[in-house]
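Q: In case you want the letters, here they are:
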Amino acid sequence: MQRFFTLTEAREKLVKKELSVTQLIEEAVTTINTTEKKLHAFNTLTLEQALEKAAKIDRQGTVKDIGPMGGIPIGYKDNFCTKGVRTTASSNILGNYIPIYNATVVDRYEKAGAISVGKLNCDAFAHGSSGENSDFGPTKNPWNLEYVPGGSSSGSGALVASGGAFLATGTDTGGSIRLPASFCGIVGLKPSYGRVSRYGIVAMTSSTDSIGCLTRSVKDAALALEVTAGKDIHDGTTVDKKVESYTSFCGKPVKGMTIGIPKEYFVKGIEKEVVDATEKAIEVYKSLGVKIKEVSLPHTEYATAVYYIVTPSEVSSNLARYDGVRYGYSDTEAPDMLSRYFNSRRDGFGAEAKRRIMIGTYALSSGYYDAYYKKAQQVRTLVCDDFKKAFQKVDLLLAPVSPTLPFKIGEKASDPLQMYLSDILTIAVNLAGVPGLAIPCGFAKGLPIGIQVIAPQFEEAKMFQAGYAYEQETKWHTMHPTLGENNGKK
Amino acid sequence: MAKLTKEQVEKVAHLARIGLTLKDTKLFQEQLSDILTYVEKLNGVDTSKVSMTSQVTGLTNVFREDEASPSLSVEDVLSNAPKKKNNLFIIPAVFDQE
Amino acid sequence: MVKNKEYETVIGLEVHVELATKSKMFCSCSADWFGEKPNTHNCPVCMGLPGALPVPNGKAIEMCVKVGLALNCTVAKESKFDRKNYFYPDLPKGYQISQFDQPLSVKGYLPLLLDDGTVKRIGITRIHQEEDTGKLIHSVVDGKKVSLVDLNRSGVPLIEVVSEPDISSPQEAKLFLQQMRQIVRYLEVSDGDMEKGSLRCDANISLRPKGDKKLGTKVEIKNMNSFRSVERALESEIVRQTSLLNEEKKIVQETRGWDEDKAKTFSQRSKEESSDYRYFPEPDVPPMLLTEQQLTNIKKEIPELGFEKYTRLQKEYGLSKKFAAILTESRNMAQFYEDAVSVLMKASKGTKEQAGKDVANWIVTGVMKYLNETGASIRELLVEPAELIELILFVRDGTVSQTAGAQILDEMLRTDKSARYIIEEKGLQQISGTSELEGIVDKVIREHPEEVKKFKEGKTQVIGFLIGIGMKESKGKANPQVLKGLFDKKLK
Ligand SMILES: [Mg+2]
Ligand SMILES: [Zn+2]
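Residue numbers (the numbering used here), protein chains in the order written: chain Y, 1 to 490; chain Z, 1 to 98; chain G, 1 to 492.
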């Protein structure tokens, strides 16, 4: 079935003209039309425009001339601004918002020839670990519709896993790409902070938001990074470092590499299935000639606490612009400005956005700044130092993405703190700004499990090299959900 | 940490310009207190000699050249306006107080 | 009855200066917003759209550092931006990018030149870089009172200069602002126009019993839109606070607005309801590190400032404080003056002081008078320094009289004709020949017997009057020295 090609395979067929762009997009449209009712992966579909664009490419000539993503279907997480196409961040307050400009990353994908199939559901403003915080209802896990697909890039995970596209964008602020990748059994790339432009992406935590993607293979993710990485004059926090040919590292031997296993990542309460799958992955690396070394990241246990101060603080400020004046939901009947603010924000924001705004406002307010915000950013320094020290001893780190298997929809929804703890193994990476790559590493109870390979800052190449080597030795990335139809794997 | 009082939650909601129902206020009293209690574990870390990290790229001095380029059309600027007239956004009358 | 105490006034100012950059602080929209059609100078960044990010304008930061150096500040080696969070409909992002605990400059002073010619140092606490807000227009739409939001000004670079509470009167406050304007104009970082809002001022004012060390409760005064309104608002506030203190009433710490029409300050909000700005470091803008080299380069671009020129002109040319102040009011005026002096030095003998004083007299009495009358600026002047000197030389060598010289200068300023041309056109050459002037002297003696009598009685000072009449008779052309000689001879 074509829909379970990888991007790289599809591209080859397009280049060789074994497949037309129209055929490929039609396949995507058919898949999405059947899966969407079950998954709710989309907020907005742009299938007609996609077909038009495909026909245009086919008329105009060869895919190769168009760019490295010529004719490839892509889904954008709904916090990526797309000019003329509704962009909601899955939030009521942006329910009817039509951007007048594209995110830099969207421009880069379009320029490379990618074809958008639509805007993907997520936790509103990317606040969440399960997708349940979308103001438009949750996305379902394609492996079991009663389970969450992981969040916040929930629609991205569900779309790519269910074969509707080879590639979906995501944002990873505390695990929001790696978690859904792990829960959906696909690859998730969180690049180094500063590697990919944030311009045009609805901001959550400005100091940790990383712009990446979810794909069905490591090489596909490497290609996506080649297309999107690099300095952007509109984002002062992007670095001017050379963008490497990441795909060329897919296939290089890993013999002699040293991979560290951070002992603190095997936390209390971690599920046995997760530990088992991770240990098997370690064995695979050993068999490839990789040296395995236990390392310590001693401040890991504080990362979540740091994150849940830093994030709400920045969120409280980043969400202040939704004031009902220039765009977005507004109580235009309010008698005075204060009521316009109160009512627009009360009715426009969902519970989680409000909760984070409230915590952040409190943490930054006069008299509490030192105790919360300053303290958190100081401990963050120690979290960063942990990684620096560890990477003096090892090339990469390897750990599970989530301490648990995917959980049921509704299971943690009423307890925000329990939900926050889902990110316990992904957050430190964001605080330190280092890159991480989630790769499928097994199944238990019919649900996927993922590991993450973590690299030093801006050393994504090494991460792809190790990720690809593992992937080639295993079969997990070739397994596909059937959306409950015969409850099994291919 | 002691549970946040109703007044504290209301004060924060006012600063954040979020209208709260009585139910919201009660719920936030609980939830905010839980989260703030959880983050108190940071007090166990000695940070007396540690500086803050608010950015991780190591970048400094990122500046733009002082060159003006064309702005958006006024139609684009106003395209998502909840209420507008004569190329201006309309809001309820605001006097010189907050 | 309690005897009314004497109070002294303590004033600190917060001055916002809009920088004259081409583009805005964090985006490339044109910063030239004044008088433009509403909402035509905007982009995703300065209208606070979702996803937009700020990238700072290096030129603006350089300008801010310049002002810091000019105000004798310590410029920070390490600096950063912070977010100042508050809600107001003219603030698109819900926060202003400003600087909190690491401003670009700290601890300087402005040498305030007082009216009596003495100098008082006013401490500068800090200078930081920030961005301007949009503007609200109050209006009625469909019978309803509304406000309208124009974002053209949103994101225009601003610097905020905070003074120490070293200012002790409304007059000093006004002078401080005027001299701030002079500095930013000398540096060419702003037009400093209060009317356009390029220069804005908030004042903190408190009173305390004379001799007390402890500061009284301070009140912040806002919306003063001219030098005069700053002075008036503070005067009126002193009256208000004095009477409260005399009645032993408490002064409330609050923000008060200035009502120009009613000539009164009015309460805007009290301290209790004042904002909690929740500052934190701006994550979107990397910190700034200023190297010695960069600082040296910026220093090189700072011209001699008004105050330095004022001091030097007195020393170098022996000018009075008053003249030195007038001639250094603007950089162009000072330039004109010194250019003229150097032309004169080359063209004639004599000391620098003589040349300096001579030119100063001509400028202050002639050129300045013309500028004040017409409201023109020195830059628009039709007369070049060398042309002024040509005229001065004609007066010096007796070609024309001093009186005629003044007339000629006036004509030169208005018409762009040269001195030589005007002299010839109007026949204004000075008459020095005794034969030509004898007739005039005889006529004056004949027509003023009273004065002649007084002179003969020994009141010789009356000769000045007679010479004056003689000058008038000659239509200003007579050489007054020659006239005097003739009168002396004929009345002996
Ligand atoms: Mg300010
Ligand atoms: Zn702009």
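Check before you lean on any hint, since a few could be wrong.
Below, a list of computed lysine to aspartate or glutamate pairs in the EDC-like style, where the Cα atoms sit at most 16 angstroms apart [stated by the list, open to error]: (1) Z:Lys83 <-> G:Asp276; (2) G:Lys144 <-> Y:Glu333; (3) Z:Lys83 <-> Y:Asp336; (4) Y:Lys83 <-> Z:Asp76; (5) Z:Lys84 <-> Y:Asp347; (6) Y:Lys412 <-> Z:Asp34; (7) Z:Lys84 <-> G:Asp442; (8) Z:Lys23 <-> Y:Asp347; (9) G:Lys22 <-> Z:Glu67; (10) Y:Lys374 <-> G:Glu220; (11) Z:Lys83 <-> Y:Asp331; (12) G:Lys107 <-> G:Asp166; (13) Z:Lys41 <-> Y:Asp336; (14) G:Lys145 <-> Y:Glu333; (15) Z:Lys84 <-> Y:Asp385; (16) Z:Lys49 <-> Y:Asp331; (17) Z:Lys49 <-> Y:Asp385; (18) Z:Lys11 <-> G:Asp276; (19) Y:Lys83 <-> Z:Asp46; (20) G:Lys22 <-> Z:Glu65; (21) G:Lys22 <-> Z:Glu75; (22) G:Lys37 <-> Z:Glu75; (23) Z:Lys83 <-> Y:Glu333; (24) G:Lys321 <-> G:Glu308; (25) Z:Lys85 <-> G:Asp142; (26) G:Lys145 <-> Y:Asp336; (27) Y:Lys374 <-> Z:Glu67.
Okay, the calculated beta carbon distance ranges per label pair [as the list claims (entries may be wrong)]: (28) Y:Gly95 <-> Z:Thr5: 31 to 41 angstroms; (29) G:Asp101 <-> Y:Lys388: 58 to 68 angstroms; (30) G:Gln253 <-> Z:Thr37: 52 to 62 angstroms; (31) Z:Lys49 <-> G:Ala263: 29 to 39 angstroms; (32) G:Lys107 <-> Y:Ser414: 53 to 63 angstroms.
Source of the hints: derived by calculation from the structure; they are not laboratory data.
The beta carbon of each residue, even a glycine, is placed where N, CA and C say it ideally should be.
Q: Now look at each hint and say whether the structure bears it out.
A: Right, here's what the structure says about each hint:
1. Z:Lys83 <-> G:Asp276: violated (29 angstroms)
2. G:Lys144 <-> Y:Glu333: holds (12 angstroms)
3. Z:Lys83 <-> Y:Asp336: OK: Lys83 (chain Z) and Asp336 (chain Y) at ~14 angstroms, within 16 angstroms.
4. Y:Lys83 <-> Z:Asp76: holds (11 angstroms)
5. Z:Lys84 <-> Y:Asp347: violated (21 angstroms)
6. Y:Lys412 <-> Z:Asp34: holds (15 angstroms)
7. Z:Lys84 <-> G:Asp442: violated (84 angstroms)
8. Z:Lys23 <-> Y:Asp347: holds (14 angstroms)
9. G:Lys22 <-> Z:Glu67: Distance of about 6 angstroms is within 16 angstroms: holds.
10. Y:Lys374 <-> G:Glu220: The given pair, whose Cα atoms are some 30 angstroms apart, is violated under the 16 angstroms limit.
11. Z:Lys83 <-> Y:Asp331: holds (10 angstroms)
12. G:Lys107 <-> G:Asp166: holds (13 angstroms)
13. Z:Lys41 <-> Y:Asp336: violated (42 angstroms)
14. G:Lys145 <-> Y:Glu333: holds (13 angstroms)
15. Z:Lys84 <-> Y:Asp385: violated (51 angstroms)
16. Z:Lys49 <-> Y:Asp331: violated (48 angstroms)
17. Z:Lys49 <-> Y:Asp385: Status holds; Cα separation ~14 angstroms.
18. Z:Lys11 <-> G:Asp276: Distance ~11 angstroms between Lys11 (chain Z) and Asp276 (chain G) Cα, so the pair holds.
19. Y:Lys83 <-> Z:Asp46: Outside the cut-off at roughly 48 angstroms; violated.
20. G:Lys22 <-> Z:Glu65: Holds: Lys22 (chain G) and Glu65 (chain Z) sit about 10 angstroms apart, inside 16 angstroms.
21. G:Lys22 <-> Z:Glu75: violated (24 angstroms)
22. G:Lys37 <-> Z:Glu75: holds (13 angstroms)
23. Z:Lys83 <-> Y:Glu333: holds (10 angstroms)
24. G:Lys321 <-> G:Glu308: holds (13 angstroms)
25. Z:Lys85 <-> G:Asp142: holds (11 angstroms)
26. G:Lys145 <-> Y:Asp336: holds (10 angstroms)
27. Y:Lys374 <-> Z:Glu67: violated (36 angstroms)
28. Y:Gly95 <-> Z:Thr5: 31 to 41 angstroms: holds (34 angstroms)
29. G:Asp101 <-> Y:Lys388: 58 to 68 angstroms: 26 angstroms Cβ-Cβ, so the 58 to 68 angstroms window is violated.
30. G:Gln253 <-> Z:Thr37: 52 to 62 angstroms: Violated, since Gln253 (chain G) and Thr37 (chain Z) (Cβ atoms, about 35 angstroms apart) do not stay within the stated range.
31. Z:Lys49 <-> G:Ala263: 29 to 39 angstroms: violated (57 angstroms)
32. G:Lys107 <-> Y:Ser414: 53 to 63 angstroms: With a Cβ separation near 54 angstroms, Lys107 (chain G) and Ser414 (chain Y) satisfy 53 to 63 angstroms, so the hint holds.
Figure legend: structure checked against the earlier numbered hints; hints not met, in rising order: 1, 5, 7, 10, 13, 15, 16, 19, 21, 27, 29, 30, 31.
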